[in-house]
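With the hints as extra help, turn the sequences into a complete structure.
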Amino acid sequence: MRTLLGNGPLANLAFLLVVALGVAGYLTMPRARDPEINFNWVNVWTVYPGASAEDVAREITEPLEEALRTVSHIRYLVSTSREGLSSILVRFERLDDATFARRVEEVRREVLNKANDLPETAKTPRVMEITTSNGFPTAMLALYGPVGGETLRATAERIKRDLERLSGVDRALVFGFREPELQIRFDPIALAALGVAPVTLADQVRAWFRDLAAGRVRIAGEEWLARVQGETVSAEALAQLPIQVARTNDPVPALLPLSHLAEVQEGAERARQLVRFHGHPALLVSITKKAKANTLQLLDALNRYIDEHNSGLEALGLRLALVDDQTPETRAAIGVMEQNALVGLALVLVMVGFFLGRRLALLVASGMVFALAGTMAVLAVGGSTLNLTVLLGVVIALGMLVDDAVVIVEAIHDKIVQGLPTQQAVFAGLREVAAPVASAVLTTVAAFLPLMLLPGILGDFLRIVPVVVTVALAMSLIEAYWMLPAHILAMRAAFDRPRSRWGVWRARFQRRLRNRYGRWLVWALRRPKRAAMLAFLAFAAAVALVASGAVRVQFFAFETIRLFYIHADLPVGTPLSETLAVADRMRQAVEATLPAEELRAAVAMAGVKFTDTEPLYADHHAQVIVSLNPRQADGRTTEAVIEALRDAVTAAAKPYTASFLIVKGGPPAQRPVSVKVRSDDDASRNAVVALVKGWLRDIPGVKDIQDDQAAGRPTVELRWRAEALADANLDVATATRTAALLADGEYVGETRRGGETWRVLVQAKPAQWPSVSSWLELPIVTPSGGAVPLSALADVTVRETAGVVRRYQYTRSVTVEAELDRAVAETQAVNAELLQRWQAVAAHYPNVTLDFTGELDDIKESLAALQKIFLVGVGLIYLILATQFRSYVQPLLILVTVPLAFTGVVFGLAASGLPLSLYTMYGVVALTGIAVNSAIVLVAAVNDRRSAGMSPIHAVVTAARRRIVPILITSGTTIGGLFSLATGLAGHSLLWGPVASSIVWGLGVSTILTLFVVPLLLLALLRVQAKRAARS
Amino acid sequence: MSIGNRNWVRRKQWGIVWRLALLCGWLGLAQAQPVAEDETAQACEPASSIEAIWRPWQAVVAPLVREAPAKVVARESATVAPEVAGRIEKLPVRVGDRVAAGDVVAELDASLLRLAHDEAAAAYAAAQTRVAQAKRLLAQAERLLAERVGNRDNVAAAEEQLRIAEREAAARAAQRAQAEWRLTHAVVRAPFAGVVTARLAQEGNWVAAGQGIAVVTSAEHEVVAQVGDDQAAELAHAAASPRFVPFVTGHSSALTSDPSSDPAAEIALTWVATNAVRDAPGQRTTVRFRVTHPHPLTAGTVGRIRWQSSARIAPPEAVTTFDGRVGVWVRRNPTAPPHFLALPDALPGRSAVVALPSGWLPEETQIAVGRQGVLAWAEVGARAPRSKSGAACQR
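Here the protein sequences come in this chain order: S and F.
Going by this note's numbering, the first residue of the first sequence is number -6, and it counts up by one from there.
Going by this note's numbering, the first residue of the second sequence is number 7, and it counts up by one from there.
Please keep in mind that the hints were generated in silico from the structure rather than gathered at the bench.
By construction, the Cβ of each residue, glycine as well, lies at the ideal position given by its N, Cα and C atoms.
Some hints here could point you the wrong way.
What the hints assert, rightly or not - Chain F residues, not near chain S, derived (Cβ > 12 Å throughout):
| # | residue |
| --- | --- |
| 1 | A76 |
| 2 | E125 |
| 3 | T326 |
| 4 | L353 |
| 5 | A382 |
Stated by the list, open to error - Covered stretches of chain F, going by a simulated chain S footprint (3 or more residues, C-beta under 8 Å):
| # | segment |
| --- | --- |
| 6 | 150 to 159 |
| 7 | 222 to 234 |
To be verified - Derived, one-sided and incomplete: chain S residues facing chain F with beta-carbon distance under 7 Å:
| # | residue |
| --- | --- |
| 8 | G141 |
| 9 | L187 |
| 10 | A228 |
| 11 | H253 |
| 12 | E307 |
| 13 | L309 |
Following this line, the structure appears as structure tokens:
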């Protein structure tokens, strides 16, 4: 030990190295908003164009689910089949990265093996992991302009490719994108009049549309390549294609150009979503980032891309705009953090200097720098990103970093003041306080340790802060035990010099402080009961404040993101263009109501609805994405903005209902009542759903009852009549193909242009039919040249098919959800009642199961575990203290400071009006660790004097007098470090202001109480012990 | 020692100084992190100065050239057949022989016909003899009546006999003429000048009357085209103009690597007639043309006819979309403001039929062929500076 401390150059070099690593780490760590958390969710996604929801469920979803049965570690499967799309969400148990990667590979393998059994027109299934990176887009861009059409589409494809090449971008998803097509659209009635069958048209185009590499030919000793060229990329050339309309004996070949039989144009497939921005047709590009990507750099790159390309886009009649950018908050948060760290550092300097002089203050401050740099170095090496949760840990640790250094320095300083030479002072001081300091730090770590043990996704979220705090404290210990004494030793001459004028003043001040405190303490010790009553009253008052609700408890009180969605659901079967019109009306209402400084952008969309968990795709969903500018100091919160918009938007959405969806940080929340009715038998399932909804209506306090059954889609089913077909001399294949050509069409070829695949589609011109029967009058041309209407060839059924088919755990299920009025009803009670009523009738419905487990159950488990873990933490602290003091009773005494800290926090929250939230809970935990430190230090001093033979009261008073200065310094530095953050001196932070202020208040009140209550209790204890000892 | 102490003290004070410097350096570096301004969203872009590409109307808009399949057919093509049945004795012509009108195409075996002719002649001679005999008998009966030996009945009967005999003679004469006709028609002759294009029978075949033995195709040619229903009238109208674009055989005499410079043969045509009836399938109309100048065309050549429609088309690069409509951007003269001419029948990616607005002169009008996007933006009044989020700029 002596040699290590005595080696000045080693200490200095180590110091430099750590600081350099820390600075480098801080500068290079990627910045992001949220920590990288893998939800262990995997999504399997299959597109089956043109199929109804029931077809998709039967032919795609069920086979894929069967294939996934064999994959292990699956917690459950949820699937949604809707028109043209099958989506299966696989939720795994909590797995480590390696196992999870293996499971994902297994899922991929099973799905691809099954892909061969799926229908031909279905596209290849895609498997995607869901993490915090791709769960929510980092940025959204809109490409818009009055031009629209193919220009917009092709440019969007080009931009998507460019953006996906940017480093840090994982995927760019374009809403409203359509694959390009060369469309050949015929009028079925006109074609029938010409005597040409649509199937003939399709076959001839297909036959022409081929490039064939015919092979090699030897010509004049050389090898030439022979090619038959048929494919063309231009609609113009395609329009000239000659179609043989009949085989006749006419002298002239019976050929007509394709443009004569159909309209040939460049087009695109049917849109699945439509977007409008600033009143122009648009496409929305949603960018998700790779894991560990630097969000700030990514946004800078996006902004540069937009700047470079906008002038070129103008010539095409387009423009690119950044609709939503989530980084200002991160940037602001980091900036605020840095500034407050500086101010905190300055305040710490002032505090320490006030008590101990400027040289020691400088040393302590440099120690803080070392600890911070060391933390950053460790985080950077560990591969973490610099996100808001990490910064919260840094904020909490900020106040505690110097505590151990202060105690040691104060002890050394005291020895120097007593006259020891510096070297001896250093070792004596260290010896005096090394053990208490170590146990103080350990108790803080122990207070946080349980938070590292929480299971589930919430545990992953919460783990980061304790880890950061622990690392920071470890670094500060290294600094306090090694760097600081080494530096003091190296500077011994500075301390051996006679004290300056300031030093003399300081010494006098401290003496006076001690005396005054001693007198107050003695006064209090003489009135033990009154003093204890006062403290107890304070505590009771705090409990009363929480119980009465003067201080709100709002666990996930995260700052709402400056982005929200407005939704309106139209009747199922509404065409996309109508949905877009409604969305556009709502958008106009938003733009008319909000001022330009507040509103960043409003995008109208039809065909997709973003929710808390997954996006829903259907033509009848209207949505407006509203992105707000970062909130100014006097600006409105997102909730206030929504309230201001509510009336205007509701009026614009008439006759449909508009609803608002706020996006909050943190893990997704679930409704209090959520029941799954599972059965493959439609009749029973529908009956039970009706029953459950009836029960919910009966229970008071339940509101917003809804289920996720979508209304049906009107469907026409054709069944060919064999005798009618035979009579018309048609075969079934031709008839079926013709029916397809009259509806969505048939793809007859493909070619490549501009890096994209263009497919050639032959289809009847889309038209509005007044009724089903008028559509069924469309003719099919027979080989003899006549025409027969569809209705004569088939039996027709018109019915409703399900719009959406949902399955849970391999069975079809319907989810019934409801909200609760918390004043009247309570979650557990309502769920219990439902279960009771179900068990009464369950026998009548043997093949129906009711499932009360939620998708987000593990988060609820974590919250329940939190309380137990807190107790574990307290127990751990007790253990450490008991070891330190070799007593059973003294640790209990020290733990008295915990409720005192709680009292302080509650007073602080009551004064500032902030709620008790997850972040303030961190503050309370931190406080538990810090507040205990003062008491430890005090009790250790008392024990020393007792073992030296002093009387109880003498020991208590002198120990208290001795320890008041370090206690005041440590509390003062902690408060000083967080003061600017709490009051917003160097930049308001709505995120951390509450945490900081809870620590500041809590510590302030608890220090004062500790300085009086702990000696009181200790004296009482010692006297009791002394009496017992005297008796025996 | 005191001096050494002072030096040592100064060194240690330096220790404090560099530690302080390090501290400031770290803090300074941290501050140097770019903290982006809040007005990222509000930062304004400068107004743009890009212009569209304008070209003269007449240079860009071209007449629409249409094509239709056509074939060269002979004006006449007759299947030569004998009018009498018989065995072919001689069939001197071969496929490809030229024949003049009246040339012998085939000779049938006339022996039977000759015998029939002889029979008819003999019968006629017998009939004539009977007529002479009937005349003698009538003269005798009249002599007897004059001598008051015979009676009038005999005279009447004799007159009747004479008449019968005369009529029979006439019938026999007709039969003789028929047999003679058949005999002459045992030789089959070409009805018009032309080329023998098919030989349907062989020497020695027995052919019935009307059974074709050779096809003679006239040397004069016609071009027949079949066009879609709405184009026949246009074609007739175009054909009347002296600049009618003619028949193209699509048959190049040289191999080129550039198909667009295909020197296919072009032959001028003159319109003759349009069929008043359309035929399904395809609802096509037949139009006939005559070759204007003598040209060695072979019947059966397949090609295309090409003609300029009265419609004018703009190329695909001039056709854009704006505000959900397809059209072109035009301006009356280089100083006039641009105007979007909507073309309801135009299709994206295709050239479109355009017509000048009334009162506009083709020499002065200009049409935009590139960078039409700036015109769209100008039209919606949005070329002013905009911020990154697309909103109008504050300044």
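Hold the hint about A228/S up to the distance rule: shortest CB distance to chain F must be less than 7 Å.
Check passed: Cβ of A228/S comes within 4 Å of chain F, closer than 7 Å.
Minimum Cβ distance from G141/S to chain F below 7 Å?
Interface hint status for G141/S: holds (6 Å vs cutoff 7 Å).
Beyond 12 Å from every chain S Cβ: check whether that's true for L353/F.
For L353/F, whose nearest Cβ neighbour in chain S is about 4 Å away, the distance does not exceed 12 Å, so it is violated.
Say whether it holds or is violated: A382/F keeps its Cβ farther than 12 Å from all Cβ of chain S.
violated (4 Å)
How about E307/S: closest beta carbon in chain F under 7 Å, or not?
holds (5 Å)
Status of A76/F, Cβ more than 12 Å from any chain S Cβ
Nearest chain S Cβ is 6 Å from A76/F, so the label is violated.
Hint H253/S vs chain F: min CB-CB distance below 7 Å?
Nearest chain F Cβ about 5 Å off; hint holds.
Far enough from chain S: is every CB of that chain over 12 Å from the CB of E125/F?
For E125/F, whose nearest Cβ neighbour in chain S is about 46 Å away, the distance exceeds 12 Å, so it holds.
Decide, holds or violated, for the assertion that all CB atoms of chain S are farther than 12 Å from the CB of T326/F.
Violated, since 7 Å does not exceed 12 Å.
Three-residue Cβ test at 8 Å for the coverage of the segment 222 to 234 of chain F by chain S
holds (count 4)
L187/S as chain F interface residue, shortest Cβ-Cβ below 7 Å:
holds (5 Å)
Interface hint outcome for L309/S [beta carbon to chain F under 7 Å]
Holds - the Cβ of L309/S comes within 7 Å of chain F, reaching about 4 Å at its closest.
In terms of the numbered hints stated before, the structure departs from hints 1, 3, 4, 5, 6, listed from lowest to highest.
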